[in-house]
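Student: So the chains spell out like this:
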Amino acid sequence: MNALGVGLPPDASIDAGRLDVVLHDALFAVSAIFLGCLAVLLVALVRHGRRHTAAAESGATAGKMLRSAGVALGLLGIVDGALFVNALRHPTGALADFAEADKLPGVVRIELNAHQWAWDARYAGADGVFGTADDVTSLNRIVVPEGAPVLVELAATDVIHSFFVPALRLKRDAVPGRIGTVSFTATTTGTFEIACAQLCGVNHYKMRGELEVVSPSEYATWLARGSDLATRGYDPDDKSAHWAWPWMAAR
Amino acid sequence: MIAGSFFSRYIVSTDHKTVGKQYLWAGLVFLALGGFLAMLLRWQLAFPGARVPLVGGLLFPESGGALSPDVYAKVFTTHGLVMIFFAITPVLIGAFGNFVVPLQIGARDMAFPRLNAASFWILVASQLLALASFLAPLGTASAGWTSYPPLSTNVGTPGWGQSVMVLALLVNGFSTVLGGVNLITTVIRLRAPGMGWLRLPATTWGMFLTSILNVTFVPVLGSAALLLLLDRHLGTQFFIAGASARAGGGDPIAYQHLFWIFGHPEVYILILPAWGVVTDIVSFFSRKPAFAYPLTVGAMIAVTALSGLVYGHHMFVAGLGPMLGQAFMALTLVISIPSAVIALNWLQTIWRGSVRLDSPMLYALGVIIVFGMGGLTGVLLGDLSLDVYLHDTMFVVGHFHLIMASATFLASFAAIHFWFPKLFARRLDENLARAHFSSSLVLLILVFGGQMLAGYSGQPRRLFDPYQYEFLKPLLPLNRWTSYAAFALATAQLLFVWNVVRAFWRGARETDPNPWRVGTLEWTCAPTPVPVENFAEVPQVQRGPHAFDAALQASLGRDFLGQAELVSEAKPQSVGVK
Ligand code: HEM
Ligand SMILES: [Cu+2]
Ligand SMILES: [Cu+2]
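Heads up: the sequence lines are chains X and D, in that order.
The opening residue of the first sequence carries number 1 in the working numbering; numbering runs sequentially from there.
The opening residue of the second sequence carries number 1 in the working numbering; numbering runs sequentially from there.
Incorrect hints may appear among the rest.
[Said to hold, decoys possible] Some chain X residues close to chain D (C-beta under 8 Å, calculated; not the full set): (1) Ala87; (2) Val129; (3) Glu146; (4) Leu170; (5) Lys171; (6) Pro176; (7) Gly177; (8) Leu199.
Since the hints were derived computationally from the structure, they do not count as laboratory data.
Using N, Cα and C, we set each Cβ at its ideal position, and we do this for glycine too.
Here chain D stands alone, though its shape is the one from the complex (with noise of 0.2 Å):
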């Protein structure tokens, strides 16, 4: 009987609460993988061929427990696409789209459950396929995430286990498109009365827009999946050419058009809902409205309709023709402009604010910081010439992982953070939040700022032993002191794992729906803990989503307005403010 609710309730739920925390759980263990993974990597690169600690002897038997440069290339392989596929994504898009967009539209549901629980199936089944691939005999991918053929085709990558890893990237494709189907759906068609489009929060636009460029975008990765597929099991050739090649062959650049036609919108991908969770953040924390906000939301558009448009810059050195070289040089740098809009806002948001240092604002002003930093450096990448040089070093792995990597991971805490009361009717201790916060971020700006010294000295990336070149050489200490924040850096999700286990084994129940203060719907309309259905009736929307004014104190003793809440009606407890 209990095991039959915990089932039901749990397992086969289609409630969108149940399923944004299924993908919760689903995207941190892989999150744990993938860091694991990375700490393979960078110990390998502060310690060439000695031999892993603790795990080494277990992991790698044939080598005498340290990583061989076969081992090293499926390393770096499965962990970007971990990352990217079935951790980042999972979290950020899979976990808080889920939870919060229906909440914050005043909508009962996705507009279609079941598929929402299907979505999440699916992305089970992409990570155990992905799992799958570490059996094989030859063992798992290990062609780079970016898969360029010839080398993942079976003319260097033989063995089933790149092709069940590319299979998990098509699967894992079926589960994105769907659910962003449903996320596209769910707000176009959900929205409570008076829900406007600019009265929607930016949470839910960084969401909404993150869809469209999924629902876009991932299906032409599943076309060059496909074909990659084909290529290397029915003896197609469209991405064969060379030696390997029977009557010509096909065109193995033809695959990179596919691929970052899909895998430059992807760091947009992950980066859209970041900005949204952080917009929503600052003007919550700073008790004031966000700065500008319909240009923030033109901006997050801009940078939506110019992602698709800006890929080419993979491929500076790969060949293209001049004319497109500078074409795409032009719109890569346009792009820019968008963003540091976006940020302008932020910071005009905080200026002369209120600004509460509660644990979701420090992890936003984290995103801030790094998202400035990564963004800025994409700036020198972005021209032609410049790029030449930095292209396929250690700089490009340093910038890219300020974005994807520190931006979307402190955005996912941020998130994390704001939304665990909803979510589980509980509080984290804000002294260890703090702890997490502050070693995070000074250790993500150590690791990554010394790749990117590394790269800017020359160091290429994907080098099992960089200390071949003799140029490389003098780079051990650095690549080392690298490592050392890095190893702190995984060290300190400590924190962050005992924090969550502490807050279920004996932390505080959150009996306040509406801790933080704040006028949108998911906290002000719908208790906590959010029953099945969320809203007793469905809200009647009155206005924008920061509603923040100092004078209504006199008269309310708060700040903010609810979103549906009547002005006339207004009392100081109307809106689930204890």
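Just chain X, with the same shape it has in the complex (with noise of 0.2 Å):
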């Protein structure tokens, strides 16, 4: 952080860390195009001026079209192919590769109901199904493990919104009618916070959400007690609390 505020948000994640790497490498890259370029067009103005006789030039032939189509192919090919096997081989693929994270051993499953201008965030509680009396439920606030992989399954009831976790470097988009999934594996306990990063309405930047992350243990006795006191509270006339869906993996 400088005098300026400018800088990247803690990361948080195992994959937070890995993509600050290929930002800031895909950064230098581009930055070093851009100045050789520059460099060439200033010494181009200072040295090739007014006074300066214009070179002999058909302008048009094989070999020139050659030269300038392999440069740019060059610089950027390269480029454009790093960048490409990178983002093929994300880790985690968190919007990808959904089904393969929900095999993992210990781990957590949240859904994420976003709607005018809140998040509502369910847990399956202890008999692990969604929909029954013992779900643990949040407001704007969501609470995982450490080390443990979390798979959300996201919608919305009204607008679109956008679940946003600076600090985990991830982003997807809530839509009604629809439920879309993201994973990630939180490594750093604390709290972060969570945006909402479509425009969803007047009050869309007031949308702000925490992430707590704890230690596993923290989290056992988070999720029992909730549940517990759910199972307490349950009230099977409350309608408008009944709003989770089938888990994705059972469907």
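Bring the two chains, given one by one in their own frames, into a single complex with the hints.
Tutor: Okay, structure coming up:
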């Protein structure tokens, strides 16, 4: 952090640090290309100004065209190729390999329903099934254990929202009528902010939530206690509290 | 009598040059409006909740002169729409496509002159509709320029302001498509004898390819707009899902596909004319043929062809399947290569040239710099895993402004300064132009560089008050400095306004038909001011647009040949050179 406040948010997941490296490498590569070209331009402007006699060139020979195409392919081909391979090798495939991640041992499943202007989270509770009396629910706050893979199923009630956790470098839209999925593994305990990244109405800017990463034992305690409280306070007639959906892997 | 002639010469005229000027003024007025809205945004990001100086009390009395969250959403929505559809497109494509293309290809007018005038008046109708939306009881559109449903349906944005704005886009689309059909026909059918495809100036190529994109993709936006209007008013549910849907509803993501099939080509629609103008100007003011010109043209064609195939990168986090995401990523990264070819060709045109830093060239060099910055940062966003972090942050906003706002903005000024003598038979002042150019370039980079830094630090876009988030509180100083730069940028535009006013008021008359000493037909075959029907006789084109050769100096006393000049008859003065 510096006087202007510029800097990446803290990184709190196994993906975040890795992504930062790629981001910085890519920034470095494109800056180098840019500065190289800028230097050529400046040299040309200084050396080949009004007093310089323009070189006689026909403008278009096959050799020149090949050279330009070759340099472009060389410079950007390398950056593009590296970025492409990197994205394919994304270790947990936060957006892609959801089905795979669901098989990991110790996985934590969360249903997250976004609506104007809050995040409703739901855990399956002690019985491991969503939509039952012992479900743990939580408003604008997600609690996850450090080191365990977390799967989030995302939905929205009214308009599109977007689940953005800067400290995880993770973002996924919550779209009405669909269930979206993301996965992450938090590696640092602490509280991190959740932002809504998709314009969702006048209070879009206030749709703030918190991600709390705690030790596995604290998490177990929290979940057990929540499950217990939920069971005791369960009201079968409270229809608005029954928003769970069947977990994808079970469908 | 005088009023009558003013009316027939400037209002109902179908002459392509008059229509071009009409587009220019209509676009510049809306550019000022869009710029004013941008200042409101930057004020709010720097001084959240504070009373807007000067105009606040007048515009927002109900919130004590400050912006409210609702007004902020209306302002960024209309800023984006006004800039893209009602300002930059009319200036870059409407004005210069109209004015320059027939002259450059040796035509007497557009293929359909009356349709041309009609396109302009349809544009005005759409601009008036956009303004009318501000009068709606619940105010104008506020769902972002992208107008994603369900937010843009009655679920999120009731009231007729949003509907009238969508209607304005629909009407605007008619204007654009009719203008595009006209331009395409003109270039295909009305080229002077000898004007082969590779002898077309790059500006004409840019306008031609842009028109193809417009005619292909604007109707897709039109269809999305129409379906959205049906959802808003006739109870259909093409794009409504979730709690407000009846019996299953539709699919909000379908709208995003329609929108971005248009929306991504739109950025190329804006940049292709800029590329064309810069390619020509760089060659003209380096006194050297455009380097590897056929390759530049080929690269522009390649970009045009690819532009409809990359749109999925706007939807990486909306739920594309992994295969689709990776395919769109690959195509997005591929499109960077022809773009790089074009830029490298500019550099090699300048290299070993005899560069004149006249105002059009300065603006063109500015385009090269900001386009380089914007294009290269786009490569990062093309990478799926990086975009997952950067999507919908100010990084994206900074990136696309470097291209859509800075490159097209500077290219518009390059075009204005280059063709001003031909358009108005007047001269702009070079010192004022230099001051306007240098301040604008530096400030554009500071403003949009500042926005990229904010996005890199995680600041989401479209936030009324980013400082609601703890992790964004430290960014207040950065956002303030960015805003100061933006206010200075707006102030610097007065240099341009003054330059234009001065030119008409007491500027020197331009009697030289070819002050820049270049060979394209508008400078070498048409007098200044250009009469109706342009040419005394239709030129017979002999060669390409960039025929520079320093060796001619010895025999001709100049270093270029006119496109329609016969070498056997070439004399120092034979192409309008004094
Ligand atoms: C020249 C000075 C300009 C400044 C200082 C400026 C500034 C801004 C700011 C602060 C935002 C809102 C960021 C946010 O809160 O999300 C914005 C959005 C936008 N601007 Fe500009 N802008 C300028 C010119 C332009 C131009 C020339 C164009 C188009 C060609 C343009 C197109 C857009 C678009 C499309 C958006 C997004 C609107 C939305 O989120 O729906 N801007 N601009
Ligand atoms: Cu939201
Ligand atoms: Cu939101």
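Student: Next step is simple, just say for each hint if it's right about the structure.
Tutor: Status of the hints after comparison with the structure:
1. Ala87: The hint holds - Ala87 of chain X has a Cβ within 8 Å of chain D, the shortest such distance being about 4 Å.
2. Val129: Violated, because the Cβ-Cβ distance from Val129 of chain X to chain D comes to roughly 24 Å (cut-off 8 Å).
3. Glu146: violated (20 Å)
4. Leu170: With Cβ-Cβ at 6 Å, under 8 Å, it holds.
5. Lys171: holds (5 Å)
6. Pro176: holds (3 Å)
7. Gly177: holds (3 Å)
8. Leu199: Interface hint status for Leu199 of chain X: holds (5 Å vs cutoff 8 Å).
Violated hints for the displayed structure, listed by number in ascending order: 2, 3.
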